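Chemist: As a plain string of letters, each chain reads:
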Amino acid sequence: MLDFVPIWTAILGLGVFFYVLLDGFDLGVGILYGFTANRVSRNLVMNSIAPIWDGNETWLVLGGVGLFAAFPLAFAIIMPAVYFPVLGMLLALAFRGVAFEFRYRDALHRTFWDYAFCLGSALATFAQGIVLGAFIQGFEVAGRNFAGGSLDCFTPFSIWTGVSLLFGYGLLGAGWLVLKTQGELQEWARRLGRWCFVGVIVAIGVVSALTPLLELDIAFRWFSWPNIVYLSPIPILTLLVAIWEWRSLNSRSEVGPFAGAIVLFLLCYIGIAISLWPMIVPYKFTLWDAAASPNTQAFLLIGTLFLLPVILMYTGWSYWVFRGKVRADIGYHG
Amino acid sequence: MTFDPLLLSRLQFAWVVAWHILLPALTIGLASYIALLEALNVATGREIYFRLSTFWTRIFAVSFGMGVVSGIVMPFQFGTNWSRFSDATANVLSPLLAYEGLTAFFLEAAFLGVLLFGRRLVPPWAHLVAALMVAGGTLFSAFWILSTNSWMQTPVGYEVIDGRFFPQDWLKIIFSPSFPYRLMHTVTAFYITTGFVVVGVGAWYLRRGRFVEEGRSMVSMTLWLLTILVPLQIFLGDRHGLNTVQYQPAKIAAIEARWDTVSGAPLTLFALPDEARESNRYAVDVPYLGSLILTHDVHGNVRGLRDWPIEERPPVAVPFFAFRIMVGIGLLMLALVIASWWMRAGRRLYDSVWFLRCCEAAMPLGFLAVLAGWTTTEVGRQPWTVYGVMRTADSVSPSLTGQDVLISLVGYGIVYLVIFPFGVALMARLVRTGPLGAGLQPEPVESGRPDLPVRALPSAEPEVLP
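So the sequence lines, in the order shown, correspond to chains X and R.
Residues 1 to 334 in the working numbering are what the first sequence spells out, letter by letter.
Residues 1001 to 1466 in the working numbering are what the second sequence spells out, letter by letter.
These are calculated hints, taken from the structure and not from any lab test.
Some hints here could point you the wrong way.
To be verified - As a list, the in silico SDA-like pairs of lysine to any residue whose alpha-carbon atoms are at most 20 Å apart: (1) R/Lys-1172 / X/Gly-303; (2) R/Lys-1172 / X/Leu-301; (3) R/Lys-1172 / X/Pro-294; (4) X/Lys-284 / R/Pro-1398; (5) R/Lys-1172 / X/Ile-302.
Unchecked claim - Derived Cβ-Cβ restraints for the label pairs, each shown as a range: (6) X/Leu-2 / R/Glu-1278: 51 to 57 Å; (7) X/Leu-312 / R/Ile-1338: 26 to 32 Å; (8) X/Pro-278 / R/Glu-1278: 51 to 57 Å.
Since the model is a prediction, treat every value here as computed from it, not as a measurement.
Even glycine gets a Cβ: it sits at the ideal position worked out from N, Cα and C.
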C-alpha cells in the first residue's frame, strides 16, 4: 500500500506553519495593541487585522483536527500533556475573538474588551510558546498514553519559549503594522518592532544553545561531521536575515520588517523540524508510529486535495482585497 | 477532598457542548431563513424581504461568530480530556470531523463574506447564491457532526484490532443506522427553534406597534412554516424512537423508566424513578400506551432495565425527565401552532395581545427542547462512548487528576458565563434597534469585519489603495 505519511507530514507541516504565521501576526498585533497611545491608533491597529483574523484562526482548527486525523497517537499523547496551556489558549482566544465583536457594539464596556483583546492575545501566545517548549522537551509516555502530570509542561525552558513567542509574534505584528500603517503610527510600530527584535534574537540564541544540551541526539544531528556542513546554511542564513531585519526596521522599508520576520520564523521552524525529525511525539514515537491507518489517511486525502487549494486561493484573494494602508475612515466606524 | 476526573470531564464536555449547540440551533435555521428571504426578494422584488434579510443577517453574524469561538474548543476536548477515546476511534472518526472542519472553512472562506458584506457589491442573484451556499454549508456541518455522533450511538462498518477501531466500510460508517433519523430530527429541531425566535421577535414588534410590516411578515410566514414543521417533527421523533428501540433498547427502557420486560406496557407519564430499588415511586401510568407508542402495537413487547446487568444500564432519572421536558415542549409548540390557525381564521393573528405574548414567551422553548433532547440521547447512551463497545470510563485521559479538571471546568464556567450573556445582550440590542433603515443607509461595519469586500475593492473606493 502507498505510504501516505510523507504527504500528510507535508500537509500538516504546512498547515501549522500557516497558522503560526497568520495567527502569529494578528496575535502579535493584539499584544502591541496594549501599548497604543490613543483611541484613533487603537482603531487603526484593530482595523488592520479585523478582516482576516477569523480566517487565520480557522487554521488552528485545521491544525488540531489535522493532527487528530493524520497522527492520532500524537494527538492523544500531546493534548493531555499540555492540558493547561491548551486550556489557557482556548479561553484566551475566546475572549479575544468576541472582543472584536463586542468592542464595537458594546460602547459601555469598551475599555474592558480592549483589555480582553490585548491580554487574550498575549496569554494565547504565551500558552502556544509553552506548548512548543514542552514539545521540544518531550513527554513521559507509558504505552499509548501520556503518563506524566498536567503541570510537567511548565519548565524553565518552556516558560522561556513562551516568553520568546511573545517577542516573536510581537515582531511579526510590528512588521504587519509597518506594512499597513503610515506616519507616526508606523514609526511607533518600528520602535516596538526593534524592541521585539532584540527579544527575538536573545530568544533564538538561548533556545539554540539549550536545545542541543537537552537532548544529545539533537547535538549530534547538528554538530557531527558532515551534518555540520550540510546544516550550516541554516544558522548562517538566520544571521544574515537578522541583520537585514534590523536594517529594515531602521530604514524606510515598508515590506522589509514583515518579510524578514516571516523568513526568521521559517528558519526557526525548519531548525526545530531538523532537530526533531522524524519524531512527532519527541523521542518516543515517529511520524510512522503515530500515523492513522492508511485507509483513513487515503479517505481524508481525497477531499483535502480538492479543498485545501481552494482554501489557499481564497486566503490569498482576501489578503489581496485588503491590501494597502489601513485608514481610520475605512472599515469600521470611522 | 478528591474529585473524580471522569465525572468532571463529563460535566465539562456537557458544559461546553451545551452552550455550543445553542448556536448552530440558531445559525442553521437562520441561514436557511435568510436564503429563503433572499429568494423571495429576487422572485418578488418586494423591499420587505430585503429589509428582513438584512436584519436577520446582522443577528446571524453575531451568533455565527460565537459559534466559531465556542466551536474551536470542541475538537480540543477530545484530545485533552478524552485521549484514550481519541486514540481508539481516530481511524474511524477523525476524517468525519476533519471533513466538517474543511467544509466549514470552505464555507467561511468562500461565501460568508459576500453574504455579510457584499450586498452592494454583487447583484441580488449572486447574493442569493451566497446565502444558499452558506445555508448549505451549515447543513453540511451538521451532517458531519451528526454522522460522527450517530456512529458513536450505533457503530457499524469497523473492526477492532488491539482495542482500536479500524474502518472497513466508509459508507456504512457515515450512514450508520441512527444517522438518517438523528439528522432529520435534529435539523428540524433547529429550524423550529429558529422559527420560534423569529415569531417571538415579530410578536414583540407587533405588540409595541414598531416595525409592523416586518413583524407581520415574520409572524405570518414563520407560523405557516411551523404549521408544517412541528407536526413533522412529532412524526420524525416517533421514527427516531422506533430506531432507538431497535438499536439502543436500554436507552428506551431508561427514557420510559421501564424496569421489567412486559408486553402491553403502560406509558408512565410521571414518576420518580428509584434506581436503588429498581422501581418507580408515585408513578402515573396509562395502560398499554407505552407499547402502542414504542412498538405501534397495544400488546407489543417492551424490554425493561432488568434485562441488562447493572453496569450496562444508563442512568434512568435524567433521560426520563429530559425526554418528558422535550416532549412537553413539543406539545406546547403544537398548541401554539394550532392556536395560530384559530387566530388567523379570526383575523386576530396580529392584534391579539395574549397570543402575541405567548409567542414572545415561546422564544426560548426551542433551545430548551434541543438541550433536553440532546441530554436524553447522550445520557441515555451511557455507560458507553462507542455504544456497546467502548466505555466512557475507559475513554478519559489517564493522566488527568480531579483537581486538573476542576480548574479547567471552573475556567470554562467563568468564561462562558461572561461571553454568552454578552452575546445574547448584543443580539437583544440588535432586535431593539430593529430592521428600519437597514440597507437604506450605509451601515457601519460592526461585526469585527470591515465591509468586506464592498468598499475595499478598487472600483468602489480607489483612494484606499496605494
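Chemist: For every hint, state whether the structure bears it out.
Modeler: For each hint, the structure was consulted:
no.: 1; hint: R/Lys-1172 / X/Gly-303; verdict: holds, 18 Å
no.: 2; hint: R/Lys-1172 / X/Leu-301; verdict: holds, 19 Å
no.: 3; hint: R/Lys-1172 / X/Pro-294; verdict: holds, 18 Å
no.: 4; hint: X/Lys-284 / R/Pro-1398; verdict: holds, 18 Å
no.: 5; hint: R/Lys-1172 / X/Ile-302; verdict: holds, 18 Å
no.: 6; hint: X/Leu-2 / R/Glu-1278: 51 to 57 Å; verdict: holds, 55 Å
no.: 7; hint: X/Leu-312 / R/Ile-1338: 26 to 32 Å; verdict: violated, 53 Å
no.: 8; hint: X/Pro-278 / R/Glu-1278: 51 to 57 Å; verdict: holds, 56 Å
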